[in-house]
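Asker: Model the full structure from these sequences, guided by the hints.
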Amino acid sequence: MEAGVAFLLVVGLPLLGTPLIYLVGRLVERRKPGLNPARWVALLVLLAAFYPLAIALQVILDQGGPVSFSLGVIRLQLDGVGALLATLVLVLSVLVTLFSGPYLNREEHQEKFYALLSAMVGGMIGLGCATDLFNLWVWFELMAIASYPLVAFHRQTPAALEAGVKYLVQSAVGSALVLIGIALVFGQTGTLTLSAIRANAPLTPVMLAAGALFLIGFGVKAALVPLHTWLPDAHSQAPSGISAMLSGVVIEAGLIALLRALGALFAVSQLWGVFLLVFAALNMLLGNLMALRQTQVKRLLAFSSLSHMGYIVLGIGCAFAFGAPNAAAGGFFHVITHGLMKGLAFLAAGALLYAVYIANGKHQPLMVDDLDGAATRYPLAAFTLSVALLGLGGIPPLAGFMSKWQIFVGGFETRQTWAIVLVIFAALNSVLSLGYYAPLINRMYRHQPSSRIESGQPVSAWMNAALLILTLGVVVLGFWPSLVSWLTQPAAQSLLALLGG
Amino acid sequence: MAMTWLTLTIGLPWLGALVIWLAGDRDEKFTHLLAVAFSVAAGVAALLLLPYGKERLVYSLPMGGVFGDFTFVVDGLGVFLAAIATVVGSLAVIFSVDYMHGEGQLPRYYAFVLFFIGGMAGLVLTSNLLLMFFFWEITALCSYALISFHNDDPKAVAGGIKALIITQLGGIGLLAGALLLYAYTGSNDFHVLLENPAILPAGVLAWMGFGCLIAAAAKSAQFPFQTWLPDAMEAPTPISALIHAATMVNAGVYLLARFYPAFAGVPGWREAVMIVGMLSALLAAVMAMVATDLKRVLAYSTISQLGFMVYAVGAGGVFASQFHLLSHSVFKALLFLAAGAVIHSVGTRDMRRMGGLGKDMPVTRAVFVIGGLALAGIPIFNGFWSKELILEAGLHENPLWLYALMVFVAGLTAFYTVRMISMVFYGEAHPERHVHDAGNAMKVALLPLAIGSLTTWLLAGPFGHLLAESLPAHHLEVHSTLAVVEEVITAPATYLALGVVALGWLAGWQRRRLSRVGQALSGVGKAAAESFGFEAINRGVVNATQKLAEALRVTQPGLLNWNVFAIVCAFLILLASLAVGGR
Amino acid sequence: MNLSVPNIVILIVIGLLGVGTYALLTVRNLIKVVVALQIMVKAAMLALVLAGRLQGQENLGQSLALTVIVADTIVAVVGLALAVQVRRVVGTLDLSALTTLRR
Chain A
1 MEAGVAFLLV
11 VGLPLLGTPL
21 IYLVGRLVER
31 RKPGLNPARW
41 VALLVLLAAF
51 YPLAIALQVI
61 LDQGGPVSFS
71 LGVIRLQLDG
81 VGALLATLVL
91 VLSVLVTLFS
101 GPYLNREEHQ
111 EKFYALLSAM
121 VGGMIGLGCA
131 TDLFNLWVWF
141 ELMAIASYPL
151 VAFHRQTPAA
161 LEAGVKYLVQ
171 SAVGSALVLI
181 GIALVFGQTG
191 TLTLSAIRAN
201 APLTPVMLAA
211 GALFLIGFGV
221 KAALVPLHTW
231 LPDAHSQAPS
241 GISAMLSGVV
251 IEAGLIALLR
261 ALGALFAVSQ
271 LWGVFLLVFA
281 ALNMLLGNLM
291 ALRQTQVKRL
301 LAFSSLSHMG
311 YIVLGIGCAF
321 AFGAPNAAAG
331 GFFHVITHGL
341 MKGLAFLAAG
351 ALLYAVYIAN
361 GKHQPLMVDD
371 LDGAATRYPL
381 AAFTLSVALL
391 GLGGIPPLAG
401 FMSKWQIFVG
411 GFETRQTWAI
421 VLVIFAALNS
431 VLSLGYYAPL
441 INRMYRHQPS
451 SRIESGQPVS
461 AWMNAALLIL
471 TLGVVVLGFW
481 PSLVSWLTQP
491 AAQSLLALLG
501 G
Chain B
1 MAMTWLTLTI
11 GLPWLGALVI
21 WLAGDRDEKF
31 THLLAVAFSV
41 AAGVAALLLL
51 PYGKERLVYS
61 LPMGGVFGDF
71 TFVVDGLGVF
81 LAAIATVVGS
91 LAVIFSVDYM
101 HGEGQLPRYY
111 AFVLFFIGGM
121 AGLVLTSNLL
131 LMFFFWEITA
141 LCSYALISFH
151 NDDPKAVAGG
161 IKALIITQLG
171 GIGLLAGALL
181 LYAYTGSNDF
191 HVLLENPAIL
201 PAGVLAWMGF
211 GCLIAAAAKS
221 AQFPFQTWLP
231 DAMEAPTPIS
241 ALIHAATMVN
251 AGVYLLARFY
261 PAFAGVPGWR
271 EAVMIVGMLS
281 ALLAAVMAMV
291 ATDLKRVLAY
301 STISQLGFMV
311 YAVGAGGVFA
321 SQFHLLSHSV
331 FKALLFLAAG
341 AVIHSVGTRD
351 MRRMGGLGKD
361 MPVTRAVFVI
371 GGLALAGIPI
381 FNGFWSKELI
391 LEAGLHENPL
401 WLYALMVFVA
411 GLTAFYTVRM
421 ISMVFYGEAH
431 PERHVHDAGN
441 AMKVALLPLA
451 IGSLTTWLLA
461 GPFGHLLAES
471 LPAHHLEVHS
481 TLAVVEEVIT
491 APATYLALGV
501 VALGWLAGWQ
511 RRRLSRVGQA
521 LSGVGKAAAE
531 SFGFEAINRG
541 VVNATQKLAE
551 ALRVTQPGLL
561 NWNVFAIVCA
571 FLILLASLAV
581 GGR
Chain C
1 MNLSVPNIVI
11 LIVIGLLGVG
21 TYALLTVRNL
31 IKVVVALQIM
41 VKAAMLALVL
51 AGRLQGQENL
61 GQSLALTVIV
71 ADTIVAVVGL
81 ALAVQVRRVV
91 GTLDLSALTT
101 LRR
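Residue numbers (my numbering), protein chains in the order written: chain A, 1 to 501; chain B, 1 to 583; chain C, 1 to 103.
Please keep in mind that the hints were generated in silico from the structure rather than gathered at the bench. Treat each hint with caution, since some may be false.
[To be verified] Here are a few chain C residues that face chain B, going by a calculated C-beta distance under 7 Å: (1) V90; (2) L93; (3) L95; (4) T99; (5) L101; (6) R102; (7) R103.
[Claimed, not checked] In silico negatives: residues of chain A with every beta carbon more than 12 Å from chain B: (8) L9; (9) L15; (10) L27; (11) L47; (12) P52; (13) S68; (14) S70; (15) N105; (16) R155; (17) A199; (18) Q270; (19) L390; (20) G435; (21) P439; (22) S455; (23) A497.
[As the list claims (entries may be wrong)] To be clear about the criterion: a stretch of chain C counts as covered by chain A if any three or more of its residues have a C-beta under 8 Å from a C-beta of chain A, and this derived list gives those stretches: (24) 19-33; (25) 42-51; (26) 69-75; (27) 82-88.
Just so it is clear, the structure is predicted and the values come from calculations on it, not from any experiment. Here a beta-carbon is modelled for each residue, glycine too, at the ideal position from N, C-alpha and C.
Answerer: What follows is the structure in structure tokens.
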């Protein structure tokens with residue numbers, strides 16, 4: 001297969017799969033209710049996308065440069081950043097599909113869920129490959145639009161609807177701001193191609209305003225504090241598989257869109273890096289402090305996503321402000337490890353939520369108290385959730401430790417006082433985060449199970465399989481961090497190339 | 001061959017942890033058997049590794065990038081501490097067979113014990129600072145998991161989390177040191193630094209030195225981080241013996257000793273180390289004099305003895321500190337395990353409710369007294385020789401007032417040791433109680449340690465040579481055992497210290513007659529019972545954080561208009577700062 | 001600032017944005033919120049068309065605006081569908097009733 005075609009298939013398969021999944025699911029559901037073939041079609045489509053992805057990745061690694069493909073005037077290009085995003089998105093979405101089958105078995109209209117999931121995956125992969133501003137926005141919108149109904153998927157639950165409304169409105173405000181930013185850039189430079197903008201961006205106040213619009217507009221999706229207010233609601237109310245996707249890749253995709261747009265305006269101001277570092281500090285602090293007093297498990301995990309976004313932005317911000325290659329690589333490494341760990345955390349919490357509430361026909365949030373003694377009945381879910389939480393807290397031998405290390409090294413390598421202070425601040429935050437991760441683990445290993453746990457239903461083997469695979473990833477990367485260097489290094493190079501370094 | 005033993009020393013316990021975890025909760029006996037088998041095998045592997053210590057072999061696993069090479073170095077300091085970790089570890093596991101009999105969730109217990117043993121061995125055998133930090137945190141994780149093993153008990157959970165957070169907080173010092181090393185040398189290997197500290201700019205070296213001091217103080221429960229160790233006593237007693245007396249808490253001392261050549265030249269570093277050690281030794285000894293919980297007394301005494309070791313490193317007595325570490329590991333593990341036998345039998349940790357146990361538990365009393373004599377520094381026992389060496393090191397061109405205080409602390413040590421022994425084993429027995437002596441597995445674990453408390457000092461010579469030959473950067477001056485004995489016996493300072501110890505011993509024995517002095521000092525006693533205000537500081541920080549977190553929750557009022565308002569405000573602030581800051 | 005066509009359009013864009021933002025900050029009715037979003041996006045569309053005009057690339061500017069219309073309509077449809085469902089399940093369109101997820 002030719003590299004360009006393979007690349008097109010990576011983007012195209014999930015998008016072509018969307019109607020297919022819906023139609024097959026719908027038609028079969030009419031004839032034989034309860035069979036739910038949509039998830040198998042979705043799994044097939046997503047798995048199939050790995051084959052062209054492998055070919056495209058092979059070419060990128062061999063050539064050391066990006067693969068591109070043109071459709072008329074639209075040009076797509078798979079560089080290091082896009083490759084990393086595509087790989088992570090596909091891995092996580094396959095596992096989420098595996099997991100969601102049993103999780104949703106009592107729900108109606110499952111085919112919509114998988115079709116939208118597939119569309120969202122396609123949107124994210126495309127977002128990573130866009131080469132012009134407007135295209136970037138279109139992919140971004142595709143991802144966002146697919147995710148709105150997914151957040152409000154439990155459409156009989158008032159809380160889910162509330163979360164969906166907030167998510168939609170805030171995202172839409174963000175994307176309107178981005179559009180205005182695009183108009184400003186277009187009006188100033190007459191081009192939309194990122195590389196052309198980068199080459200001759202005029203140093204005017206209008207361009208500064210455009211940069212601010214991009215930062216805020218994409219920042220809403222990337223959940224930068226104080227634009228984050230939708231996130232705890234959406235992540236806690238979405239079906240657990242979608243929580244995993246939102247937290248594990250969607251907000252990171254928002255960040256990557258932000259990097260692409262802001263990277264094109266890199267020369268316009270030296271403040272971009274500073275802004276990113278300020279956002280990083282805010283995210284780490286607020287995310288951790290807000291999580292400290294939460295009583296709902298998924299809401300707590302959602303706030304912890306804020307702080308992890310902070311670590312990622314710290315790495316990326318150091319790359320923006322000081323051109324630190326290791327910080328960029330660390331940031332991208334943390335994108336991967338956070339995707340795995342937070343995906344695992346949400347799926348494991350989801351497995352428990354399913355067992356104690358959903359399978360008993362209730363749609364209620366999983367409370368922290370409900371976890372008491374979970375290990376007595378659900379040893380695997382409790383263990384994997386513990387692994388995820390410890391990994392998020394940066395405890396070795398788990399992946400989060402290594403990725404934080406790489407970010408921190410990048411910060412110290414700049415030898416700038418403020419970067420070093422920020423890294424120490426991040427380390428302090430990491431310790432603070434144990435203040436809410438650790439008690440959860442202690443609860444799960446009590447001898448006396450809570451009444452909810454005692455009346456819980458069994459967890460399906462498919463769910464456990466997804467949890468085990470993610471756990472394996474988190475542990476292996478903790479022992480062997482350079483296992484994904486082939487993804488993070490090119491991503492960092494691509495980012496720095498974007499910044500003209 | 002050394003490579004094989006090295007791999008087995010770290011790998012066997014970890015493999016055992018995995019196997020026990022996978023085997024699950026089926027058969028209690030099988031679980032015990034697996035744990036004993038794996039831990040003893042690891043102990044044997046570590047002992048077989050000992051002879052290679054002098055050769056200073058290096059094994060390296062290329063990892064690339066900021067992770068450096070994952071390098072393991074078999075040198076004297078490493079193999080010696082690995083041997084302590086695995087041997088005391090296997091004894092603690094054997095002891096647990098009796099102690100943990102009938103407990104639920106045993107696989108979790110043993111898996112973490114074995115995971116800890118492997119992690120501790122890795123910590124002392126690596127020369128990659130990232131990897132050292134990696135193992136450092138693994139030991140903290142295991143310590144946390146085992147302290148709060150009884151998760152239904154809120155005190156155990158609180159103790160575990162406190163230990164985790166305080167050691168992690170201090171760990172940031174080590175992290176910063178490791179980051180600085182990489183940022184300025186492009187490598188994680190610290191041997192380069194030990195051989196030539198000048199590769200780092202003086203300022204950076206100072207930051208790194210004090211960072212490591214903070215990390216060491218937190219890990220070894222030294223001033224001002226000492227508060228976590230007493231609360232860690234909620235752990236099952238074999239864990240207290242293994243992690244919180246014999247191995248993990250030594251990691252801080254190990255760190256200081258390991259980096260001594262690099263930081264000794266940093267202005268003020270040695271003085272700071274000595275003062276930290278002295279303050280810990282003094283404050284903890286006073287606290288031990290008033291505590292009534294048997295395990296807490298032992299915990300305070302651990303802090304105090306670690307203070308001696310830290311002081312020794314600061315005073316330049318690296319060998320003396322490591323020698324005392326060896327003695328302390330043996331006699332303190334013995335004391336803890338014997339105390340465990342007592343607690344297991346009596347069912348309380350309160351010494352006021354013990355008394356007169358000696359008659360019913362003769363074996364336990366015998367070994368406990370041996371451990372106590374070693375702790376107090378009575379001649380012939382191993383604690384005597386190593387403590388005298390430390391005090392002697394304190395006399396070498398070091399501040400005399402620090403030395404005087406340390407001798408005073410040696411007297412206090414004797415006082416609280418006697419108090420503890422007499423409260424537990426002598427005096428009036430409680431007639432209604434039915435106690436039994438230690439079980440067989442317990443005895444198997446106690447006897448080697450008791451013998452060790454009497455004999456490990458004979459190893460002074462070989463141990464010294466092992467260190468000196470494999471640590472060229474430390475420039476250690478060592479002698480044969482006979483020469484060490486002669487040195488201690490002929491030094492006048494020894495007799496001064498012995499006199500103070502004897503006074504303390506006497507005072508402890510006759511403490512009822514001193515009640516008037518006690519009343520005069522009751523203010524000190526009260527302050528000591530409150531941990532000299534450090535507990536209050538801890539509580540204050542925790543409460544302030546929680547309050548701040550609760551207050552911040554108003555930022556999430558849930559109203560959509562407010563959320564949009566935040567977005568608009570952020571945009572305006574960005575615009576304003578761009579207008580001011582320009583490009 | 002003379003009242004040339006571009007300047008007038010710029011003023012309109014800014015005015016629309018102001019109206020949309022003000023509405024988002026103050027209105028409590030979900031339908032009105034969706035309308036406010038629409039107003040903001042219309043401002044952006046106008047800005048795109050104007051940018052194309054200023055750069056002499058009117059075709060491109062207008063085709064961008066058309067694309068935006070498509071995407072924007074889908075968002076509006078999804079938003080309105082959510083509003084319908086909210087009315088059914090919660091029983092009101094008032095935003096102050098949608099504050100159960102807080103703190």
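Asker: Evaluate each hint against the coordinates.
Answerer: Hints, verified against the model:
The closest approach between the C-beta of C/V90 and any C-beta of chain B is roughly 14 Å, which is over the 7 Å cut-off, so the hint fails. For C/L93, the interface hint is violated, since its Cβ never comes within 7 Å of a Cβ in chain B; the closest pair sits about 12 Å apart. Contact between C/L95 and chain B, as hinted, is supported at the beta carbon level, the nearest pair being about 5 Å apart and thus within 7 Å. Nearest Cβ of chain B to the Cβ of C/T99: about 4 Å, under the 7 Å cut. The hint holds.
Annotation: C/L101 was flagged as interfacial toward chain B, and the flag holds, the nearest CB pair being 5 Å apart, inside 7 Å. Given the 7 Å rule on beta carbons, the hint for C/R102 holds: about 3 Å separates it from the nearest Cβ of chain B. With a cut of 7 Å, the hint placing C/R103 at the interface with chain B holds, because the nearest CB-to-CB distance is about 4 Å. Listed as a non-interface residue, A/L9 keeps its Cβ farther than 12 Å from every Cβ of chain B; the least gap is roughly 32 Å.
Distance check for A/L15 against chain B: the nearest CB is about 30 Å away, which clears 12 Å, and the non-interface claim stands. No beta-carbon of chain B is positioned within 12 Å of the beta-carbon of A/L27; the least distance is around 39 Å. Every beta carbon of chain B lies more than 12 Å from that of A/L47, the smallest distance being close to 29 Å; the non-interface claim holds. At the 12 Å boundary, the C-beta of A/P52 stays outside the reach of chain B, the nearest C-beta of that chain being 29 Å off.
No Cβ of chain B comes within 12 Å of the Cβ of A/S68; the nearest lies about 28 Å off, and the non-interface call holds. Against the 12 Å criterion, A/S70 stays outside the reach of chain B, whose nearest CB is about 34 Å from its own CB. No beta-carbon of chain B comes within 12 Å of the beta-carbon of A/N105; the shortest separation is about 28 Å. Listed as a non-interface residue, A/R155 keeps its Cβ farther than 12 Å from every Cβ of chain B; the least gap is roughly 19 Å.
A cut-off of 12 Å between C-beta atoms confirms that A/A199 is not in contact with chain B; the least separation is 17 Å. Against chain B, the non-interface label of A/Q270 is violated: not every CB pair exceeds 12 Å, the least being about 6 Å. With a closest Cβ-Cβ approach of about 7 Å to chain B, A/L390 is found to fall inside the 12 Å limit, against its non-interface label. For A/G435, the condition that its CB be more than 12 Å from all CB atoms of chain B is violated, with the nearest at approximately 6 Å.
Its closest Cβ contact with chain B, about 7 Å, brings A/P439 to no more than 12 Å, contrary to its assignment away from the interface. Against chain B, the non-interface label of A/S455 holds: every CB pair exceeds 12 Å, the least being about 20 Å. Every CB of chain B lies more than 12 Å from the CB of A/A497, the least distance being 18 Å, so the non-interface label holds. Coverage of the region 19-33 of chain C by chain A holds in this model, with 4 residues showing a Cβ closer than 8 Å to a Cβ of that chain against a need of three.
Proximity of the region 42-51 of chain C to chain A, defined as three or more residues with a beta carbon under 8 Å from a beta carbon of that chain, is established by the 7 residues found. Coverage of the region 69-75 of chain C by chain A holds. Counting CB-CB distances below 8 Å, 3 residues qualify, and the rule asks for three or more. Given as covered by chain A, the region 82-88 of chain C passes the check, having 4 residues with a CB less than 8 Å from a CB of that chain where 3 are the minimum.
Of the hints listed earlier, those the structure fails to meet are numbers 1, 2, 18, 19, 20 and 21, in rising order.
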